[in-house]
Amino acid sequence: MMGPGVPWYLAVSAMLFSIGVAGVLLRRSPLIVLLSLEIMLNSANLAFVGFSRLFGEMDGQVFALAVMAVAAAEVCVGLGLIVAMARRNLILDVDRLTELRG
Amino acid sequence: MGNVLVWMVWLMAAAACLGTGLRVVTASNPFVSALSLIGNLASLAVLYLLASGEFVAAAQVLVYAGAVMVMFLFVIAYLGGRADAPWAGGTRAIQTASVVTAAALLAVTLVALMLDAGGRLSDEADVDRAFGSPAEMGRLFLTDHLLAFEITSIVLLVAAVGGVVLGMRSEAEALADAQELADAERASS
Numbered sequence: 001m002m003g004p005g006v007p008w009y010l011a012v013s014a015m016l017f018s019i020g021v022a023g024v025l026l027r028r029s030p031l032i033v034l035l036s037l038e039i040m041l042n043s044a045n046l047a048f049v050g051f052s053r054l055f056g057e058m059d060g061q062v063f064a065l066a067v068m069a070v071a072a073a074e075v076c077v078g079l080g081l082i083v084a085m086a087r088r089n090l091i092l093d094v095d096r097l098t099e100l101r102g
Numbered sequence: 001m002g003n004v005l006v007w008m009v010w011l012m013a014a015a016a017c018l019g020t021g022l023r024v025v026t027a028s029n030p031f032v033s034a035l036s037l038i039g040n041l042a043s044l045a046v047l048y049l050l051a052s053g054e055f056v057a058a059a060q061v062l063v064y065a066g067a068v069m070v071m072f073l074f075v076i077a078y079l080g081g082r083a084d085a086p087w088a089g090g091t092r093a094i095q096t097a098s099v100v101t102a103a104a105l106l107a108v109t110l111v112a113l114m115l116d117a118g119g120r121l122s123d124e125a126d127v128d129r130a131f132g133s134p135a136e137m138g139r140l141f142l143t144d145h146l147l148a149f150e151i152t153s154i155v156l157l158v159a160a161v162g163g164v165v166l167g168m169r170s171e172a173e174a175l176a177d178a179q180e181l182a183d184a185e186r187a188s189s
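Protein sequences appear in the order of chains A and B. Under our numbering, the first residue of the first sequence carries the number 1, and numbering increases by one thereafter. Under our numbering, the first residue of the second sequence carries the number 1, and numbering increases by one thereafter.
Hints in this document: simulated from the structure, not taken from any laboratory. Remember, it's a predicted structure, so these values are computed and weren't measured experimentally. A virtual CB, placed ideally from N, CA and C, is assigned to each residue, including glycine.
Among the chain B residues that face chain A by a calculated CB cut under 7 Å, a handful are: (1) Leu22; (2) Ser33; (3) Leu37; (4) Val56; (5) Leu105; (6) Leu121; (7) Glu124; (8) Ala125; (9) His145; (10) Val155; (11) Gly163.
Using the sequences provided together with the hints, build the complete structure.
This is the structure we're talking about:
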């Protein structure tokens, strides 16, 4: 392959995943948590595409597309929840939404 | 010569990817976060292209940077000022622990990568031009991965129905709205 090899792709993927983890753990707004989740899903996708190139099999790319579809479904439900919370005048703060705490 | 060019494009895309990713996490304005995520997804599409994933790159730009992010931007616009959340939560100790967790995860993955980088990870398979092309992806989807393809459609349908149900107004809310409207009409006449 011309240019960088697969380990470079995996390194970028690992860095992106850590950025996403930091976002999910640090931020309080459910919107930003969702956005950080998207970063994590995409870093997994990058690893899939990199490995698919490494082994010369396209199954990894098919799985990356499946991950995209799941991410779209997750965004649909997540944003629906956020809008429902906003309409009930709840505070959009994951630290304060503790009604379901056991 | 072509090699250097590929390296340059790759490095620029990777830097843009990491920079916009950091911006998503650190920005206090959710609009900035969402727009940075669009940049992040676009630069990831460039990386996919360089790893000969043409169809995945196109789908990334169309589905992700296009459709999904437009949905995000609409919701942020709908929420308006309520979307602005304070930056981080928890005590100082919890924040430090989160950053340390993320850094530790990164360190472990990178060490594992470096141990393997020279060996199994470096002998890439040779691929022909059809690798990652839409025609090949379509063939795989309709033969080897037909079940996954069909299940994906059901997952999306269920998510769409779920979104509608979550967005529905309850009877009490509808009644309250109607009452408010009637009051406003009476006041104006």
